[in-house]
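Note that numbering that gives the first Met the number 0 gives residue 301 to position 302 of the sequence shown, counting from 1, and the numbers run on in steps of one.
Just so you know, the hints here were simulated from the structure itself, not pulled from any lab data.
Since the model is a prediction, treat every value here as computed from it, not as a measurement.
Just so it is clear, CB atoms sit at the ideal spot from N, CA and C, and this is done for glycine as well.
Be careful, since some hints might not be right.
To be verified - Listed next, with one range per pair, are the computed distances between beta-carbon atoms:
(1) T25 with E191: 42 to 48 Å
(2) E191 with E346: 50 to 56 Å
(3) V305 with E248: 48 to 54 Å
(4) V179 with A73: 44 to 50 Å
(5) E253 with Q71: 29 to 35 Å
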Amino acid sequence: MDDLFDRVDPERAWAAVVAGLALVATVGSLLFPERVYDEFIWRYYWGPVAADGKGAECAVRAGGETEFYYSQQACSQASGVAAEPGYTVVSTVSYAVLLVLLLAGVYFLIERLEIEATVAKLYALFPWVLFGGALRTVEDASVALLAATGDPALPFPWTAAIISPFIYVTVFALAVVAIVASVWLERSGRIERWERPFGATGAALFGIALLALAYLSVTTDAVGFNPTVLLVVLAGASAATALAWYATERYWPEVNLGTGVAGTLVVWGHSIDGFANVISLDWADEFGLAHRYDPKHVVNSGIQDVTRSVQPESVSDAIGVTWPFIPVKVVAAVLVLWLFNDEILEESPRYAVLMLLAVLAVGLGPGTRDVLRATFGI
């Protein structure tokens with residue numbers, strides 16, 4: 000058995016898994032369209048994306064046709080396979096698997112390119128995570144424009160490319176092109192370090208997404224602007240990160256031995272997610288937000304349910320039920336950094352850096368989207 004595993008090429012095994020999943024989904028959908036496509040693929044993946052892209056409360060599929068409904072009452076009365084915008088346990092787990100597969104693909108790419116991996120590379124990857132969150136917010140703005148005027152900024156199905164899970168593939172493809180081009184520039188002697196153009200490309204794309212949101216804010220009534228939210232989230236996340244750094248350096252310095260200062264990016268990214276959720280879910284009225292938001296992730300709603308069950312009602316009315324999300328996110332990020340000690344980073348630096356990127360992405364990506372949605376009133 001050990002000899003068998005030694006003979007397996009990990010890169011070919013990864014390609015076989017990706018191709019196998021695609022083949023099973025395709026063949027299953029052709030042979031059993033109702034059971035495989037309608038009740039699984041469509042219900043958990045394409046249906047929520049289609050409903051989101053159309054700005055509908057739900058999408059219902061019956062007899063091979065899809066109908067969109069724009070009220071909860073209409074959704075409850077419709078018959079067929081129903082899907083609502085947002086995430087379920089099945090889709091959340093599936094997207095996590097997709098993220099792992101994409102990271103594995105990146106790992107094999109950087110091995111082929113023989114790219115040296117250090118924790119400092121997170122600085123170049125950081126703007127790409129911001130770009131992913133901002134790009135998703137552009138789609139949210141397009142849906143808001145559709146609801147207000149009947150004319151979206153980006154028509155469906157093109158918006159599907161920037162809705163989960165397809166946005167992962169979109170950002171991944173752009174990043175692959177950028178990193179290959181940047182490495183080529185370095186090795187051809189045109190630049191000294193590939194990280195600079197790669198990081199600059201991510202920052203430029205992030206800037207373009209922000210400019211698109213700003214343009215819609217100025218030219219339409221569907222998108223507003225509330226800078227207070229952005230300032231408070233940035234200040235709160237930065238304060239929480241500074242506190243976490245001070246506490247770990249003073250009382251638990253082993254946490255930062257492997258990642259050093261670069262690890263604060265991970266804590267900051269998850270703090271952004273925590274503060275953005277608390278403000279948008281519990282303090283919408285106090286901050287004058289244009290909309291009241293509901294949790295789309297099972298973790299958020301789970302924390303709300305647990306807090307509501309153990310916290311006195313008077314306290315919940317005063318401070319809300321989402322506040323534990325902030326310490327949970329910060330503590331979780333610190334515990335993850337503790338796992339990335341010198342030994343792991345020395346034995347498998349490429350794997351370690353990719354795992355840190357994944358941890359950063361699952362916090363900062365949604366956090367960027369949430370704070371921009373609240374800031375632009377989407």
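| Does the Cβ-Cβ separation between V179 and A73 fall within 44 to 50 Å? | holds, 48 Å
| said: Given the hint of 48 to 54 Å, is the C-beta distance from V305 to E248 inside that range or not? | reply: violated, 31 Å
| query | Is the gap between the beta carbons of T25 and E191 within 42 to 48 Å? | reply | Holds: the Cβ-Cβ distance is about 45 Å, inside 42 to 48 Å.
| task | May I ask you to test the hint 50 to 56 Å on the CB atoms belonging to E191 and E346? | result | Violated, since E191 and E346 (Cβ atoms, about 28 Å apart) do not stay within the stated range.
| task | Hint says 29 to 35 Å; check whether the CB-CB distance for E253 and Q71 agrees. | result | For E253 and Q71 the Cβ distance comes to about 50 Å; the hint is violated.
Violated hints for the displayed structure, listed by number in ascending order: 2, 3 and 5.
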